[in-house]
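Enquirer: Chain order of the listed sequences is A and B. Here the first sequence is numbered in the numbering used here, starting from 1 and rising by one per residue. Here the second sequence is numbered in the numbering used here, starting from 1 and rising by one per residue.
Read the hints as simulated data drawn from the structure, not as lab findings. Glycine included, every Cβ here is placed at the ideal spot set by N, Cα and C. Keep in mind that the hints are not guaranteed to be accurate.
[Unchecked claim] So these bits of chain B aren't anywhere near chain A, every CB distance computed over 12 Å:
id	residue
1	Asn53
2	Ser139
3	Leu193
4	Ala303
5	Leu322
6	Leu333
7	Phe370
[Said to hold, decoys possible] Not everything, but these chain B residues come out facing chain A in the computed CB check (under 10 Å):
id	residue
8	Arg81
9	Ala99
10	Lys110
11	His138
12	Asp140
[What the hints assert, rightly or not] Computed cross-link-like contacts, PhoX-like style, restricted to lysine-lysine with a CA-CA straight-line distance of at most 20 Å:
id	chain 1	residue 1	chain 2	residue 2
13	B	Lys110	A	Lys152
14	A	Lys310	B	Lys110
15	A	Lys262	A	Lys284
16	B	Lys32	B	Lys60
17	A	Lys137	A	Lys105
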Amino acid sequence: MANIRKVAQLAGVSVATVSRVLNHPERVSDRTREKVISVMKEMDFSPNALARGLTLKRTNTISLIIPDIQNPLYTEIARGVESIAHRNGNNLLLCNTEKDVEKEKSYVRMLIEKKIDGVILAYTGLQDEDFQEIMRKKINLLLCGMNTANKKISSVYSDFRNGAALAVRHLIDIGYRRIACITGSDRYIENREKVKGFIETMTGAGLEVYPHYLIHGDDDINSGFMCALKLQKLTPGPEAVFVCNDLMAIGAINGLQKAGLKVPGDIGVVGYDNIVMGSFIEPKLTTISWPVYKMGIIAARILLDEINAKPGEIQTQNILLEPKLKIRKSCGNIERVSEIFN
Amino acid sequence: MDLSTDFMGLHLKNPLILSSGPLSSSGEMMLKALNAGVGAVVTETILNEIRPNVRPRLVKRGEGLQNIWLYTELTLEDWKREIGIVKDAGGTLIANILAYTPSEMAFLAKKVAGFGADAIELGISSPHGEGLEIIASHSDEIYELVKSVVDSVDIPVMVKLSPNVTNLTRVAQAAWKAGAQGISAINTVRSILGVDLESREPLLPTYGGYSGDPIRPIGLAAVATIKQSVDLPVSGIGGISSYEHLLEYIMLGAHTCQLQTALMLRGYSIIPEILSGLCSWLESHSYHRIEEVRGTALSKLKAFEEIIHEPKIARLTSPCPLEQCRMCVISCLYEAISKTDEGRIRIDPAKCNGCGLCMSVCPEHCFEMFLSED
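Bound-form chain B, shown alone (with noise of 0.2 Å):
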């Protein structure tokens, strides 16, 4: 099976990509992730200054992380090593940066480019450690940020960005007109992951970044956003931590897709779990190139007006096999579906709205929907 994929002019062996993060803090961290399968990495975010990070700065919560894990503790010239060990090692490398202004960010980019990274990401949508707005959150800032990269280098520049804007097409556009080559979404979402009730203290003293499986929705929902708004490719980032994740982002457009949380919470050992996942199932549904599913779901994609009202309802596929299980019956928000004492479900046409919540909360998923004779 090809996985192979170009993405901005870079030849990757597979679309699977370490993100910016811990796991990325150094050369020999980024080449376990090689060694594992990835097809590139993303360095942890390198600034000219260092800023010490806090302990404890994780915490995990249900399937989602919280970190308010700042950026590299190393300085721009260990840098140039730890660069040097993946490029050594043969690996593809995008060096994510983050600088304030747009000669400070050419300065930095000239300085990585130098060290051999392949592409830049700049990483200016971090949800804690900067402003109550991100800096991705103003076109013009973007616009001037972007192009003093793109002026200054001659390797690919994508921009990471958040869903922490009001309008997401608008800064992926000024990114695409700055020339960006290529976007990432999404960056952790701001949050608080919980409250202490004994201690009545939050989770982590200061607000922090979401990652994890939850998130993925919201990152599947920018990617496609993003893909609408520009043609650029898209490297999808969010709650990946299985094959399925993957096809998902990348039947909605993006070229690749990064994971970290995923990484830190369950091992190394999902890399090639993901990969050989992916190619048995294009190989079962008679893909030959992960570039054939690309995009599919995302034309699929509708506007409110041009959704058919259909006179739909529910029906049983098959009877209900778990006695006990009243779920169903539970969230009908029109009181249509009951259950008799023998266990049999009936479902009332004329009480019906059709809203398909049963559909998706029954654990045996025996209903579905049909257009009803009325």
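The shape of chain A in the complex, shown without the other chains (with noise of 0.2 Å):
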């Protein structure tokens, strides 16, 4: 039966270097991989997952929690993560909580029973307490988004007060003065942020944010358009609306439009997130985007980094991404030149 010793006697090369091509392939020559492989093809040897687990006391297998399988966004993420966790001999696990928390509890419960190496929950609607639940497992924990609750555990985030700030900067730069907006659920500290830095910045303008111009919303198409007609009612007219994602503002435009309303002509339209989607609608949307694959590549090294250091080598990381305005055609900008450098 083939075994590690027999490859690496054919390949003509030594045991470490054979475990090297199965556990950290950058480490070797592309000639010397690629003749470890083709050996081990031809002898049919595969490595006894379990036993190599056994071993290194790893299961090789990290997760991704996230709240909402149907938002681009998580996806986005979910995409960084695996590419990373691939690259690097690992498996991904992915659970989708539907932003329910006992469902998210439920799933970190059964990561700890299977031995997971490593679990990134983002945008979690888990406590410190649950936090800690985890690591004394000893299974290393990262979060994506903002991490206020323990200071021991590395984050990637982005600032999405700064985002919104920007968006709405924009507006005001090309003239807007009415500006409404269309907020997210509030449930959400990422969305609660926006609004912060909605009215941070309107008021820093001098400029009046009106009760009945803050349309609440629920995150997706459907409540954008019902937002939207909403808007389309009230008088005096907003000039301009902050919508606090590109799900909602695209429903908003399509609302917006069919109350015989031009974008941007009658009104201009900003959203946040930059997914696909919004480059394909018409007007092409104007949005903030921010690194959301990047986050997921990032998330993937610092917990891999975390779970191959030695006890008492890691650092917490908290690495902050910041958000970038994304210039198109709904909010009547003019300037071509900053449609193509910003």
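The task is to assemble the complex, starting from two chains supplied on their own in separate frames and drawing on the hints.
Expert: So this is what it looks like as structure tokens:
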């Protein structure tokens, strides 16, 4: 029966090199790696994952827990995490909580039982006591989203208040003064931060924030559409609207157009997230982009580094990824050069 | 001849460095430059995420090159091996990295330092693919980015600056105050290389970075400005394809020089040509070490009010040997130069205003300036 020693002998390399091909392929030259892999194929050798796991005390599996699998943002995070996990010989277990904290807790219990190597919680509803429970079980933990709860946990996060400020300042710079806001569900800190950013920027510019100009949506296309119908009935109507995510912004543009308003001729619209759909609608959506895919990539890199680190070597890292204004057509911006560069 | 150079604590066998760009996109590529003789290499810009490059992305016109090339197409994980290839061969490697926040920059810096990089160059001045204002325009942002990296790694950190800023001194000082151990300049210059008249299209579909011979004067001015602003070693970049160019940068204060466009257009053989030309020039001028020429021209840069107003005018040093040539006559702004039917040059001292253009226009170097009697 084929084993690692026979593979090494036939490939003319050491057992340690074969082991590196299996565990750290990036450390082996292309030529050696290809040679070892071809010998493995020839001998029909595949490493015994269970045995390897026992030796290394690893399952080589990490998990990503996301709130909503239908939201393209979270699938982008998953794409980033998966690419790095796979590149480093790890499996990814994806869990969808449907924004339900109890479901999230049950997933965490299941992962602890499976002795998962590490968990990434994206925009989690869990609290610090839940984090501590995971860490007591010696499972590495990392957060996507602002980490206010526990200084020992690394995180990758973005600044939503600043992102909202960029969007609203853009509207003000173009010349809009009566600006409304379609908010997302206030259960989420990122949505609350965006509203804070909206209000701060408006008041900072000496502009009035009318309470009836704050229209509460629920993060999806439908609610954006419904909010737009409420918006267009207001008198005086707003000249522009900051919508707290692109899905709602797309729904809102649709609603405004259905009501006979021209975007951006009668009302400017700026979204948040820079999802792919935004550049395919008419008018193309001006929005705030934040590097979601990169967030997944960095999260997975830090988690895997922490899994591979010796005890005491881990240094908590909190990585901020800045949002950027992505100027397109939905706000009536006429400076083409800023569209090219920003 | 001793060409060895100490740069940010790195001991290099000579001051010539392969700059960040397409020719440093892998370990194997960088080895080519090292084998041709450079003292160190800088990697292509390494990021957390890959941004695929468009095709085509390079265009040449005259001696200048425009690129709309973005960054590396290798993952951060791949770079562990690529850096290892250079280090295993005994090369000195500077990792060029790009991130947009201090925490992300520190993360990348720690990674490449862990892969074995000898130093870090912050690639924060690309004229394309980023904002209308390049990242290295804002001194407070530069300060934060540099500080976070310097605090995170034990290897030297330099910052690559661009001439596409209003105040180069201010950004260089921000890098210095934050603890940078060196500065490299210049990055490519934002450009549109030309328009195809028949198709009415720009030669490349977006703004790009201009490199090659034509940007050398901009690079020289930037290096001098930085040297006169901060007490840091500078790596001069821009339009270096001969030993004379390298010497110009060194005489204006550069410790090292980086090149890439000339290698792309003329091949690796120019590396030994530059180095042997440099040795010969230093020997023929009785220098023993390259350090002895460093900054010799920088100290002669003056402010306008320090330049003495001398009543100089042009005169001929030798008769013009080119019967048909009228370049001096055409270019004389004061109509002081004329040429007789027999081909003799006449200069009217009453009309000559001493601008000096004739001296550099004349292909035979027939003119000089002298102090007029009046």
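Enquirer: Look at each hint and say if it fits the structure.
Expert: Hint by hint, here is what the structure shows:
1. Asn53: holds (17 Å)
2. Ser139: The assertion about serine 139(B) holds, with a minimum of 18 Å to chain A.
3. Leu193: holds (16 Å)
4. Ala303: Check passes; 36 Å lies beyond 12 Å.
5. Leu322: The claim holds: leucine 322(B) sits with its nearest Cβ about 47 Å from chain A, beyond 12 Å.
6. Leu333: holds (37 Å)
7. Phe370: holds (50 Å)
8. Arg81: Interface hint status for arginine 81(B): holds (6 Å vs cutoff 10 Å).
9. Ala99: holds (9 Å)
10. Lys110: holds (9 Å)
11. His138: Status violated, d = 13 Å.
12. Asp140: violated (14 Å)
13. Lys110(B) x Lys152(A): Answer holds: lysine 110(B) to lysine 152(A) is near 19 Å, not above 20 Å.
14. Lys310(A) x Lys110(B): Distance of about 17 Å is within 20 Å: holds.
15. Lys262(A) x Lys284(A): holds (13 Å)
16. Lys32(B) x Lys60(B): violated (23 Å)
17. Lys137(A) x Lys105(A): holds (14 Å)
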